[in-house]
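So the protein lines, in turn, are chains A and B.
The numbering of the first sequence is the working numbering, which starts it at 6 and goes up by one.
The numbering of the second sequence is the working numbering, which starts it at 7 and goes up by one.
Some clues are possibly wrong.
Under the rule of at most 20 angstroms between Cα atoms (straight-line distance), these lysine to aspartate or glutamate pairs were calculated in the DMTMM-like manner [to be verified]: (1) B:220 / B:95; (2) B:273 / A:189; (3) A:126 / B:140.
Sample of chain B residues with no beta-carbon within 12 angstroms of chain A, all distances over it, derived [said to hold, decoys possible]: (4) 16; (5) 54; (6) 77; (7) 110; (8) 121; (9) 122; (10) 207; (11) 210; (12) 258; (13) 304; (14) 317; (15) 389; (16) 400.
Derived from the structure by calculation, the hints contain no laboratory data.
For glycine and all other residues, C-beta sits at the position ideal for the given N, C-alpha and C.
In case you want the letters, here they are:
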Amino acid sequence: MSDFFNKTDLSRKDAENIISETLNKCDDGELYLENSKSESIVLDDNKIKNSGYSSDLGYGLRAVTGEVIAYSHSNEISKSSLKKSAENLYSTLKSKNGTYNHEIPKTNKKFYKDTNPIEEKSLNSKLEILKEVNSYTRAKSDIVQQVTASFAGEHKSVEIIRSGGEVLTDVRPLIRFNVSVMLEKNGKKETGVYGIGGRQSYDEYLGCDNWKKVCDEAFRIASVNLDSKPAPAGEMKVVLGPGWPAILIHEAIGHGLEGDFNRKKTSAFHNLMGQKVASEGVTIVDDGTLHNRRGSLTIDDEGTPTERTVLIENGILKNFMQDRLNARLMNTRSTGSGRRENYKHVVLPRMRNTMMLNGKYSQEEMIKSVDKGIFAVSFGGGQVDITSGKFVFNCTEAYEIINGKIGSPIKGATLIGDGPSILKEVSLVGNNMMLDPGIGTCGKAGQGVPVGVAQPSILINKMTVGGTQL
Amino acid sequence: MVKDQEYLKKTASFCINLAKKLGATDSNVFAMHSISETVNFRNKKLDESSRSDNLGVTLTTYIGKKKSSISSSNLTEDNIKDLIERCIETTKVTPEDEFNSLPDKELLATDIVDLNLYDDDHIENNEKIEYLKEVEEAAFEKKEIINTETGFSENKSNFILANSDGFLNGYKSSTFSASCVAVAKDSNNKMERDYEFTSTCHLQDMLRPNQIGKIAAKKTIQKLDPQKIESEKISIIFDRRISKGVLSVLASAISASSIARGTSFLKNKLNEDIFSSSINIFDKPNMIKGLGSRYFDSEGVKSEELKLVDEGVLKHYLVDTYNGKKLNLRSNGRNDGSSNLFFEKGSISYRDLLKLNQRTLYITETIGHGSNLVTGDYSVGATGFMVENGVFKYPVSEITIAGNFKDIFKNITLADDLEFKYSTNAPTMLIEGMVVAGK
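Take these sequences, add in the hints, and give me the full structure.
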């Protein structure tokens with residue numbers, strides 16, 4: 006755990022006094038301190054391209070009254086700097102009057118260990134693995150034109166000091182290992198990307214030659230795409246594979262169920278609480294408590310313990326995801342969903358691990374039931390317009406389905422749909438739920454946070470596929 | 007106030023000297039400080055104020071052809087010393103790369119002509135609030151508008167770039183920006199959202215607040231009651247918000263790193279026709295008050311004006327030192343990509359462009375990351391309007407547009423309405439032969 010008051014003229018007592026004075030007439034707020042170390046090691050084009058290390062230290066002081074947030078952050082932890090921030094907050098909120106809510110739930114649980122992945126494995130051994138990854142992948146075939154492999158590791162210490170001196174802390178490890186392969190055959194180039202990661206040491210993911218599986222998968226996806234034909238254009242049935250394709254759930258309805266958009270009534274879901282928003286058999290939860298998962302947190306960035314929040318149960322909208330501010334204004338409680346990218350950003354309600362739970366059908370049954378459609382196995386990024394509800398995501402591995410059988414692979418196409426209606430189009434929910442491999446980052450208001458997704462295979466009756474073949 | 011040049015020079019020189027003492031044969035350091043203050047309004051009420059104070063240093067050390075880097079926001083001497091020691095240790099174990107080096111000395115920027123990129127004006131939060139009130143009042147004049155979110159941000163920054171070959175230079179810059187996002191509701195309770203914004207180096211050049219509010223409201227209301235159309239091949243017009251994206255794809259695809267790695271659909275296309283012969287594209291780093299202007303790139307190399315595409319022919323890649331050495335090309339000061347990148351304006355008016363075809367799909371927004379730089383394939387979600395005989399008929403949504411940039415580039419007709427609102431700018435653009443997927 007970092008000692009934020011070592012080597013500065015600001016003592017813990019000073020900080021507590023400034024916090025309590027600043028937040029005296031506010032509804033909520035805290036001093037958030039963060040010390041993060043991160044590394045990035047990249048092998049590309051047969052060479053180590055980058056071996057970078059970064060050390061970031063800073064604080065964010067936040068005061069909230071009514072609907073108004075005042076925030077000031079700096080990377081200079083000193084008495085003068087914190088006082089300057091306090092003055093800045095006061096100038097925004099001086100005319101407001103609130104009552105500080107001291108209540109915050111406590112937890113003894115921990116969903117990941119207090120390890121430092123960067124220091125646990127020597128730089129040399131990481132460099133060695135990347136070199137092996139490169140030679141292993143290139144040796145797979147002479148059509149391999151380019152291999153990029155990377156390690157990203159992070160160790161983040163967080164301390165939250167609330168008015169009155171209450172302190173909440175968390176130490177968060179996070180790693181990611183990624184491989185990208187480009188193949189070229191008969192003048193046609195295609196890439197395949199795969200990665201793994203989570204909140205544990207590198208070796209938990211790389212051991213037993215597990216890294217080879219990542220290389221194999223990246224190579225396999227690129228190979229499939231080499232044989233792809235142009236994608237169809239128009240509305241058709243879509244079968245989504247299990248695991249990572251659940252970013253459809255994340256984009257299509259997850260963002261629309263975040264508290265802020267619903268309090269502000271800009272989400273297409275804001276007036277649908279308690280109503281049927283999905284087919285029967287569709288249950289969706291957002292869970293921050295899965296051990297070692299990328300989207301898990303012991304406490305959120307306001308100090309609230311995370312939980313398993315049921316968003317949709319058997320088709321009925323049950324809960325939104327809330328931070329403290331939006332929960333207070335909507336007369337409910339925080340679901341431990343208050344997150345920020347780092348000390349430079351205000352807290353927003355965000356997703357953690359968003360999952361559609363199992364139904365009873367097999368993937369084979371779904372595919373058999375489709376006369377003409379596509380089977381989407383993996384996706385790149387997605388995006389949503391919260392207000393209109395329209396969302397997209399890009400296929401990185403997909404196949405046509407003809408007369409109940411999987412046919413040729415098709416080129417990466419965008420799928421577009423309408424969030425509030427898509428879940429009503431889900432006609433079959435599979436029995437093969439899978440978690441994603443631990444690679445997701447969600448962007449909102451310029452802030453990226455690590456998230457997870459999971460789902461079984463699902464059959465969607467009607468979606469627009471953005472190919473070029475009419 | 008942002009830290010002055012003397013402070014940043016002192017920090018940068020400290021790093022360069024210490025790196026040398028600890029065994030670096032070369033080094034490069036970037037030290038910066040920025041302060042930004044933002045006020046956000048929502049439905050005519052204050053929503054958020056934030057102040058951001060960012061200090062940071064990034065150091066790259068070389069030992070012969072070995073290289074590594076560190077960055078930190080903690081500029082205490084102890085911490086910097088620890089980090090530089092760590093950086094040197096990492097450099098030692100990192101394998102050699104024959105192309106690693108500082109830029110050639112004769113390419114470094116020397117004389118600097120003032121481009122007026124810094125405005126010392128400071129606008130207090132209560133003045134920002136007055137501005138935003140006017141924005142929202144203008145937007146709410148339209149009864150369909152049910153929600154507005156607006157923001158005003160002032161940003162000042164200063165930096166110093168130094169290297170062990172004696173380069174030591176930097177400058178202040180400023181940005182003032184304001185935006186308005188409006189939400190409108192139709193009779194079926196369906197909502198649409200659109201926006202307008204202004205972003206400039208100088209306070210006085212910003213759009214008037216009521217213009218921003220009026221435009222955001224108008225654009226939002228136009229989108230109400232959209233239709234989904236049939237899948238078809240149809241000519242498409244990109245609004246200026248979208249047409250500039252074609253240049254962003256070009257810039258990524260001709261970056262020396264994509265070319266050297268062989269992962270660009272424009273590899274080996276230098277001196278070949280990639281656009282139709284009417285197309286000229288410039289990248290001009292030396293525009294007065296330009297949002298993408300700079301005196302040199304992040305390696306200190308002078309950025310010259312480039313005519314990237316001349317009568318449809320690709321004339322330059324965007325070259326940095328490392329990839330330049332790999333490709334046997336000199337750096338043209340593009341380590342950070344393009345600067346003020348733009349199409350030369352076309353010869354047809356906006357109105358005439360709308361009338362060129364009997365039916366045209368006019369695109370105002372795309373969503374998704376559907377540009378594949380390896381293959382040139384393009385497929386994104388889109389919203390816009392159906393235009394018939396030059397007249398906007400009805401809004402369109404929940405469709406995708408798809409094609410390949412190799413074809414798109416050759417089928418572009420540009421209007422004469424180029425303006426400099428972003429760092430990358432294009433006139434309204436007609437593209438023939440793309441496929442729309444809808445019903």
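- Message: If we take the beta carbon of residue 317 of chain B, is the closest beta carbon in chain A still more than 12 angstroms away?
- Response: Nearest chain A Cβ is 27 angstroms from residue 317 of chain B, so the label holds.
Worksheet item: Is the Cα-Cα distance between residue 273 of chain B and residue 189 of chain A 20 angstroms or less?
Response: 13 angstroms, holds
Checklist line | chain A versus residue 77 of chain B - minimum CB to CB distance exceeding 12 angstroms, so not interface | finding: At about 5 angstroms from chain A, residue 77 of chain B fails to clear the 12 angstroms cut-off, so the statement is violated.
- Query: Are all C-beta atoms of chain A more than 12 angstroms from that of residue 16 of chain B?
  - Reply: Non-interface label on residue 16 of chain B holds, nearest chain A Cβ at 16 angstroms vs cutoff 12 angstroms.
Q) Is the nearest Cβ of chain A still more than 12 angstroms from the Cβ of residue 389 of chain B? A) 7 angstroms, violated
If you draw a straight line from the CA of residue 220 of chain B to the CA of residue 95 of chain B, is it 20 angstroms or shorter? 58 angstroms, violated
Assertion that residue 210 of chain B lies outside the chain A interface [Cβ separation over 12 angstroms]: 25 angstroms, holds
### Task
Verify that the Cβ of residue 400 of chain B lies farther than 12 angstroms from every Cβ atom of chain A, and report whether the claim holds or is violated.
15 angstroms, holds
Open item on the list: Minimum C-beta separation from residue 110 of chain B to chain A exceeding 12 angstroms: can you confirm that?
Closed with: 21 angstroms, holds
| Non-interface label on residue 122 of chain B, tested against every C-beta of chain A at 12 angstroms | 28 angstroms, holds
Distal placement of residue 258 of chain B relative to chain A, Cβ over 12 angstroms: The claim stands: residue 258 of chain B keeps its Cβ more than 12 angstroms from every Cβ of chain A (closest is about 14 angstroms).
Least C-beta distance between residue 121 of chain B and chain A, which was stated to exceed 12 angstroms: 27 angstroms, holds
Checked against the numbered hints listed earlier, the structure breaks hints 1, 3, 5, 6, 15; every other hint is satisfied.
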